[in-house]
Structures are given as C-alpha cells and as structure tokens.
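Participant: Chain by chain, the residues run as shown.
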Amino acid sequence: MLTYSIRRLILAIPTLLFIALIIFLLLLLAPGDPLANMPLTIPPEVREKMREALGLGEAWYIRFGLFLWQFFIVEPQYMIDAMFGTDLADGAQRIISFQSRSPVFDTIGERMPQTLWVVGMSYVVGVLIALPIGIISAYKQYSIFDQLGTLISMIGFSVPTFFTGVVLILVFSVNLGWFPSIYDTQLRVTDWDSFVAQMRQMAMPVFVLALFNASQISRYMRASMLDNLGQDYVRTARAKGMTEKVVVLKHVLRNSMIPVITVIALGVPQVFGGAIITEQVFKVNGLGQLLITAIQGNDIPMVMTLTFMFAILIVLFNLIADILYGVLDPRIRYD
Amino acid sequence: MADGAAPILDVQGLNTVFHTRGGEVHAVNDVSFSLKPGELLGVVGESGSGKSVTMMSLIGLLPTPPAEVRNGRVMFAGQDLLTTDAETLRNIRGGDIGFIFQDPMTSLNPVFTVGMQIMEPLRKHMGLRKRAAKARAAELLDLVGIPDAMARLDDYPHQFSGGMRQRVMIAIALACDPKVLIADEPTTALDVTIQAQILELMKELRTKLGMAVIWITHDLGVIAGIADRVIVMYGGQIVEHAPVRDLFSNPQHPYTEALLTTIPTVTGARSKRLTVIEGQPPILGAPPEACPFRERCKYRFEICDRMVPARYPISDGHDAACFRADTALRKDKSYA
Ligand SMILES: Nc1ncnc2c1ncn2[C@@H]1O[C@H](COP(=O)(O)OP(=O)(O)O)[C@@H](O)[C@H]1O
Ligand SMILES: [Mg+2]
Numbered sequence: 001m002l003t004y005s006i007r008r009l010i011l012a013i014p015t016l017l018f019i020a021l022i023i024f025l026l027l028l029l030a031p032g033d034p035l036a037n038m039p040l041t042i043p044p045e046v047r048e049k050m051r052e053a054l055g056l057g058e059a060w061y062i063r064f065g066l067f068l069w070q071f072f073i074v075e076p077q078y079m080i081d082a083m084f085g086t087d088l089a090d091g092a093q094r095i096i097s098f099q100s101r102s103p104v105f106d107t108i109g110e111r112m113p114q115t116l117w118v119v120g121m122s123y124v125v126g127v128l129i130a131l132p133i134g135i136i137s138a139y140k141q142y143s144i145f146d147q148l149g150t151l152i153s154m155i156g157f158s159v160p161t162f163f164t165g166v167v168l169i170l171v172f173s174v175n176l177g178w179f180p181s182i183y184d185t186q187l188r189v190t191d192w193d194s195f196v197a198q199m200r201q202m203a204m205p206v207f208v209l210a211l212f213n214a215s216q217i218s219r220y221m222r223a224s225m226l227d228n229l230g231q232d233y234v235r236t237a238r239a240k241g242m243t244e245k246v247v248v249l250k251h252v253l254r255n256s257m258i259p260v261i262t263v264i265a266l267g268v269p270q271v272f273g274g275a276i277i278t279e280q281v282f283k284v285n286g287l288g289q290l291l292i293t294a295i296q297g298n299d300i301p302m303v304m305t306l307t308f309m310f311a312i313l314i315v316l317f318n319l320i321a322d323i324l325y326g327v328l329d330p331r332i333r334y335d
Numbered sequence: 001m002a003d004g005a006a007p008i009l010d011v012q013g014l015n016t017v018f019h020t021r022g023g024e025v026h027a028v029n030d031v032s033f034s035l036k037p038g039e040l041l042g043v044v045g046e047s048g049s050g051k052s053v054t055m056m057s058l059i060g061l062l063p064t065p066p067a068e069v070r071n072g073r074v075m076f077a078g079q080d081l082l083t084t085d086a087e088t089l090r091n092i093r094g095g096d097i098g099f100i101f102q103d104p105m106t107s108l109n110p111v112f113t114v115g116m117q118i119m120e121p122l123r124k125h126m127g128l129r130k131r132a133a134k135a136r137a138a139e140l141l142d143l144v145g146i147p148d149a150m151a152r153l154d155d156y157p158h159q160f161s162g163g164m165r166q167r168v169m170i171a172i173a174l175a176c177d178p179k180v181l182i183a184d185e186p187t188t189a190l191d192v193t194i195q196a197q198i199l200e201l202m203k204e205l206r207t208k209l210g211m212a213v214i215w216i217t218h219d220l221g222v223i224a225g226i227a228d229r230v231i232v233m234y235g236g237q238i239v240e241h242a243p244v245r246d247l248f249s250n251p252q253h254p255y256t257e258a259l260l261t262t263i264p265t266v267t268g269a270r271s272k273r274l275t276v277i278e279g280q281p282p283i284l285g286a287p288p289e290a291c292p293f294r295e296r297c298k299y300r301f302e303i304c305d306r307m308v309p310a311r312y313p314i315s316d317g318h319d320a321a322c323f324r325a326d327t328a329l330r331k332d333k334s335y336a
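Top to bottom, those sequences are chains B and F.
Residues 1 to 335, numbered by this note's numbering, are exactly what the first sequence covers, in order.
Residues 1 to 336, numbered by this note's numbering, are exactly what the second sequence covers, in order.
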C-alpha cells in the first residue's frame, strides 16, 4: 500500500507538469492584454517598458520555467519562512499578480478562509445530511420519505446554484430580511454576537451549496445501500439473529460506504470549482471570485496559479480516493 | 430415529404470498410437516417449487413486504414462531436454529474477517466475551475441517475457496449449538468433488452433534444417502412425504416418479435435470384450485382440474397428494 502510494505520487509529477504546460499555453494563446485596462493615453514606448516589467518580454518557455520554479521552490520557501521565521527564500522573486502587483499567494491566503468557511462547511454539511438521507431512503425504499427525498434531490441537483441562490436572496434577504445578501469579509468572530452574524451570513451560501452536494451524494448513498441490501450476506446476518440496526448500520453500511467515500473524496476539488458561481452570487470574496476577477483582468499569474492549484487538488484527491478504496475494501490489493 | 418422539419443529398450514407488481404470487400453499429431534428431513423439488421460501417463512427471514406469511402455525420450543415478537425470533435465529445457504461465494460479508463473522452470533446468543468467542470460533473452524484455524480467523472471505467458505458458513450455523439446522442447497453451488466433501462433513457433524437437520436440495441422489424422511415439494405444496426407503421403492406421486428418473444410475448415466417432464413449475397467482402438477402429469384425470388433492395416506409415515392414491375414489372409480 505504501509503495503503491509513493509510486502514484511520483507518477503524478509528470501529469501535473503536463497540466501546468497546457494551462500555460492556453493562457498564452488566449486573447487579451494585461495592459488593456491601462489608460489609452500611455505612449507605446512606456507600454513596452511596462510589458517588460511584467516579465512579458521573455520567451514563453523561460516564463513557464520561471513559473514552475517560483511555484514549487520559491513559494514553499516563503511559506516555511512565514511559519518558522527562517530565511530560506532570501528575497527571491515571488509570483506577482499583474493586477495588484502583490504576491499571488498573499492574496490567495487572504481569500482562502472565506472559501474554506463557506465551501468547506457546505461540503461537510452536505455530506452529513446526505448520508443519513441516503441510508433511510434505501432502507425504506418507496416510502414517503424516500419519494420526498428523491424529489428534493432531483430539484437540488438539476436546478443550478446561481438560480437557487438568487431565489433565496429574493425571499430571505429582500422580502423577509432574515439574512444579509452580501457576505461581509471584514467580520471577525470575537464574541457571541459576531458569531451569530457570521452564521447568518454563511447560512444562505452554505445552504445552496450543501443542497447541491447533498442531492448528489445522497443519491450515491441510496444506490449503494440498495445494491448491498439485496446481497446474500445481509440474509446471513439476519439468519445469525443480528438486530436490524447491526444488519443495516454495520454489515450493509460498511460495504455501501466504499464507493460513496471515494465519490466524496473525488468531489472535494469539484466543490472549489462549483463554488465559483455561488461565491459570485453571494458576493463572498473567496477563491472563486478571485479567479473570476483575475480572468476578467487578464491577470495571467493569478489565473495560472489558481487553475494549477485546482489541478493539483484534483490529482491529489484522485490519489486519496484510490488509496481509501484500498483501505476500505480488503479485496483490493495494491502491489 | 427417535420414532414417536414429540417433534421439535411442527409446521401446520403455512401459506406465503408475495405481493408483486403483477399481483399476488402464492409461493407456499398449505404446507404442513414436522421435524423430530435428531432426524434429517430431506426436502426435494426442482428450482422454483417453494423450498427456500417455505424455510425462510418459518423463521421470519423473508422481507415483508413483498412477502406475507398469511396463516399457519410454526411451533418451536413451545411457541408459535409466526406470532412471537421480533426479539424472541432473533434470539432463535442463529441460536437454536442455524441456517446454511446455497451460495458460499456471496453469503459471507466481504469486508469483515471470517473470525468476526463467526464470533458475532457467539457474542449475541451465548454472551461470550471477545477472547472466549475467539477461542470458540477457532474451535468451530477446526471442527469444520479448516486447517490452521486460529490464524485463519483473521482472513477475509475472499481468501478462502468456495468449499472453504461453505465450511465457514457451516461453522457460523453451528456456532451456538443449534437444535435445528436448515441447510438450503448447501452443495448446489460447489464443484462435484467439493460437494462430496461437504456432504461427508455434514454427515460426520450430524453424528457428532446430534441436531435435527432440514436438508433442501433438488437432487434426490444426495438425499438418498443421508435423509431419514423426505418431503417432495411442487408448486408450493407438499406432494409426497415418506421415509426415504419408501420414497425410493414405492413412489406414489407422478412428480416423485419423474424425479427418481433423474438420479444417476449405477452405470453412471444421468439424465440432466428434469428433461423427462416437459414444462416448468407453475407460478400461482391465486390459491390453487386444482392439482398443481396436472399440466405435466401423464395420468391427468378430470378431477385433477377441479380439486386440489389432499395428502392421502399410503402407509405409516407415507402420504401423497395425488388422486390416484385416494382409496375412496379408487373404489368408486368416479375419477376415471
Ligand atoms: N421475492 C419474490 N417475489 C416474488 N415471488 C417470489 C419471490 N421469491 C420467491 N418467489 C416465488 O416463490 C417461488 C418459490 O421460490 P423458492 O422457494 O426460491 O424456490 P426453490 O424451491 O427453488 O427454493 C418462485 O417460483 C417464485 O415465483
Ligand atoms: Mg431455493
């Protein structure tokens, strides 16, 4: 198992380098000029100077190599320096945003908490809701509960989050005034009142995303449970005199969780992607919103860094899903 | 076997119905039989004749819905299993009544160790602590002939062959010293050589432990060597019931006769399955109103289409549900 994981990790490196190259070339080929937002009155010579100052004068492969160097060597050094007070980076050039002229990772660091709070929380909430719903729906197949669950998850899955989000804002912010429609990033949780305020502003975006996630995962859970409830070993467990609780929550659930856990792991990076729209709707200035504004502003280093980070997450969670599969299912042998 | 002893299990007038999209399916119709302590009762009939459903109805193993056990009485240890509460029933299942199923490849839970699966009933029914349960589980594996028992407790089912898994199933069924063991085609899914080994093991264990056994099979050849009494099922009904010798020497029901022709002969020639009688067992959408076998019967009389034959006594402990065995009718000749 360990050798398998290490082998997979090593194999992931060329994959990631290739992905990085593709993203880089795509951004290179994309139309748009980082200086497009500058006033038209700037004379062409100055424009050229500014272009060079942004590093755009170099050949593409040098810029690509520099990005990789900065991403994998320099930025981790800064991270370690910040954590342990060392000075490994020694003033090396960091990845700088075209737009803000500040290090890309500083901005990402600022935006990360919002995304983790809202998106991460919604995923956790979604999973926690989805699992029991899936289990009960399967155990009581075709019951009212199951049919209601099917209906709601169909809606949750097929209605896009930007629509549910806007409907929620209309009803609960505009009409009822229960929740704020704009996420206040400045809010710091220091006492009970600010905690309540934080919960209130998180409620709607978390609900929208959690509904979406729960819809999907509860379907998987239900299908997997149904698959297993019909298996012969379930009859054996009952024939041994086990209670329904043991039969369902131990024998069946343990088997049903195997595919579901891998689906949950695979879904983690997708959540960040899916959040882009929801963050936009609720004005949460997290990573998703950062990516959108960076794309609009032709901020190539920022777009490149964020996209590449998503790519790493996808590769990483694929690996995690595979490893979890092996851990959970004794029939799988990796060697 | 202890003739005249009070039966340990007594089934009267059992009816089981499935509610399906296509309407009701009457899978078990008015089945009555009893089991004496220590005896081996064979149950034969081709696939779909209601053997499994009958046995699972006894002990509440059928999912309800779609199944419904309509009426009947199943007396075991002084109580009716059909009316007793779920908790009592659970205590009997895996405790006093053990089950072995047909397919050992799928009957064990793939994600738990074999040891854990044997220890589960031990801990529930016998209240053993972990250590004691483990020791007993190793004993059981040893009993069913699995070498290196203690070490194999930590293995998962996929690390055992089909025959070995069936041995594990037998160990589970025997874990709590059951009074009754119900074996539902325990050798059907196995290779012929493995079948013989499992059969040998079961014979040996039965002598050693002395429990009563209900052995379901569609192969009369298997029954011949081990059973004391046999019931033959067709269309969810018992069509013949006899001591094993009488059944082979003096079969009364045309279905039994047909079944007997499928047993391997001394020369080794064997007619595959029930090719001798055309057709398949009926699927009954309503309680039977005529003989279930009439469509395939070579004797078929007019009365067979009008009435369900009762189980007419032939001799002591032998009866058959065929109008040809009804002495009153025979005298009166009205059936012909
Ligand atoms: N879940 C079910 N739903 C509907 N009908 C069923 C179901 N299970 C069994 N039956 C019916 O019961 C009949 C007897 O099945 P079974 O007892 O399994 O036969 P066997 O003698 O091969 O063990 C079958 O022919 C089938 O029509
Ligand atoms: Mg069967």
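Since the hints were derived computationally from the structure, they do not count as laboratory data.
Worth double-checking, as some hints may not be accurate.
[Unchecked claim] With the C-beta cut set under 10 Å, the calculated list includes, among others, these residues of chain B facing chain F:
{"#": "1", "residue": "Asp184"}
{"#": "2", "residue": "Gln186"}
{"#": "3", "residue": "Ile258"}
[As the list claims (entries may be wrong)] Using 30 Å as the maximum straight-line C-alpha spacing, the simulated BS3-like pairs for lysine-lysine come out as follows:
{"#": "4", "chain 1": "F", "residue 1": "Lys203", "chain 2": "F", "residue 2": "Lys298"}
{"#": "5", "chain 1": "F", "residue 1": "Lys36", "chain 2": "F", "residue 2": "Lys203"}
{"#": "6", "chain 1": "B", "residue 1": "Lys245", "chain 2": "F", "residue 2": "Lys203"}
{"#": "7", "chain 1": "F", "residue 1": "Lys298", "chain 2": "F", "residue 2": "Lys36"}
{"#": "8", "chain 1": "F", "residue 1": "Lys36", "chain 2": "B", "residue 2": "Lys245"}
{"#": "9", "chain 1": "B", "residue 1": "Lys250", "chain 2": "F", "residue 2": "Lys179"}
{"#": "10", "chain 1": "F", "residue 1": "Lys179", "chain 2": "F", "residue 2": "Lys203"}
{"#": "11", "chain 1": "F", "residue 1": "Lys203", "chain 2": "B", "residue 2": "Lys250"}
{"#": "12", "chain 1": "F", "residue 1": "Lys208", "chain 2": "F", "residue 2": "Lys179"}
{"#": "13", "chain 1": "F", "residue 1": "Lys208", "chain 2": "F", "residue 2": "Lys298"}
{"#": "14", "chain 1": "B", "residue 1": "Lys49", "chain 2": "B", "residue 2": "Lys140"}
{"#": "15", "chain 1": "F", "residue 1": "Lys208", "chain 2": "B", "residue 2": "Lys245"}
{"#": "16", "chain 1": "B", "residue 1": "Lys250", "chain 2": "B", "residue 2": "Lys140"}
{"#": "17", "chain 1": "F", "residue 1": "Lys130", "chain 2": "F", "residue 2": "Lys179"}
{"#": "18", "chain 1": "F", "residue 1": "Lys179", "chain 2": "F", "residue 2": "Lys36"}
{"#": "19", "chain 1": "F", "residue 1": "Lys134", "chain 2": "F", "residue 2": "Lys179"}
{"#": "20", "chain 1": "F", "residue 1": "Lys130", "chain 2": "F", "residue 2": "Lys36"}
{"#": "21", "chain 1": "F", "residue 1": "Lys36", "chain 2": "B", "residue 2": "Lys250"}
[Claimed, not checked] Beyond 10 Å from chain B on every Cβ pair, some chain F residues (computed):
{"#": "22", "residue": "Asn109"}
{"#": "23", "residue": "Pro121"}
{"#": "24", "residue": "Arg206"}
{"#": "25", "residue": "Pro313"}
{"#": "26", "residue": "Arg324"}
Positions of the beta carbon are idealized from the N, C-alpha and C atoms, including for glycine.
Participant: Take the hints in turn and mark each one as holding or not.
Facilitator: Results of checking the hints against the structure:
Annotation: Asp184/B was flagged as interfacial toward chain F, and the flag is violated, the nearest CB pair being 47 Å apart, outside 10 Å. Residue-level restraint check for Gln186/B is violated (minimum Cβ-Cβ distance to chain F is 49 Å; threshold 10 Å). Given the 10 Å rule on beta carbons, the hint for Ile258/B holds: about 8 Å separates it from the nearest Cβ of chain F. A hinted pair counts as satisfied when its Cα atoms are at most 30 Å apart, and Lys203/F with Lys298/F does not qualify at roughly 37 Å.
With a C-alpha separation of about 17 Å, the suggested pairing of Lys36/F with Lys203/F holds against the 30 Å cut-off. With a C-alpha separation of about 36 Å, the suggested pair Lys245/B and Lys203/F falls outside the 30 Å cut-off, and the hint is violated. Distance hint between Lys298/F and Lys36/F is unfulfilled; the C-alpha atoms sit about 35 Å from each other, more than 30 Å. Only pairs whose Cα atoms come within 30 Å are accepted, and Lys36/F paired with Lys245/B is rejected, the gap being roughly 34 Å.
Between Lys250/B and Lys179/F the alpha-carbon distance is near 28 Å, which keeps this suggested pair within the 30 Å criterion. The hinted pair formed by Lys179/F and Lys203/F meets the criterion: a straight-line CA distance of about 16 Å does not exceed 30 Å. At most 30 Å may separate the alpha-carbon atoms for a hinted pair to count; Lys203/F and Lys250/B exceed this at roughly 34 Å. As the CA atoms of Lys208/F and Lys179/F are separated by approximately 13 Å, the hinted pair is consistent with the 30 Å bound.
A distance of roughly 44 Å separates the Cα atoms of Lys208/F and Lys298/F; the hinted pair therefore is violated under the 30 Å criterion. Distance check on the hinted pair: Lys49/B and Lys140/B sit about 70 Å apart at the alpha-carbon level, beyond 30 Å; violated. Among the hinted pairs, Lys208/F with Lys245/B is inconsistent with the structure: their alpha-carbon atoms are about 35 Å apart, more than 30 Å. For the hint linking Lys250/B to Lys140/B, the alpha-carbon distance of about 17 Å falls within 30 Å, and the restraint holds.
For the hint pairing Lys130/F with Lys179/F, the CA-to-CA distance comes to about 24 Å; that is within 30 Å, so the pair holds. Distance check on the hinted pair: Lys179/F and Lys36/F sit about 10 Å apart at the alpha-carbon level, within 30 Å; holds. Distance check on the hinted pair: Lys134/F and Lys179/F sit about 22 Å apart at the alpha-carbon level, within 30 Å; holds. Taking the CA atoms of Lys130/F and Lys36/F, the gap is about 34 Å. The hint is violated against a cut of 30 Å.
Taking the CA atoms of Lys36/F and Lys250/B, the gap is about 36 Å. The hint is violated against a cut of 30 Å. Look at Asn109/F: its CB is around 4 Å from the nearest CB on chain B, not clear of 10 Å, so calling it non-interface is violated. Residue placement check: Pro121/F does not keep its beta carbon more than 10 Å from all beta carbons of chain B (closest about 4 Å). Look at Arg206/F: its CB is around 19 Å from the nearest CB on chain B, clear of 10 Å, so calling it non-interface holds up.
Every C-beta of chain B lies more than 10 Å from that of Pro313/F, the closest at about 35 Å, which supports listing it as non-interface. Non-interface status of Arg324/F relative to chain B is upheld: no Cβ of that chain comes within 10 Å, the nearest being about 39 Å off.
When the structure is compared with the earlier hints, violations turn up for hints 1, 2, 4, 6, 7, 8, 11, 13, 14, 15, 20, 21, 22, 23 and for no others.
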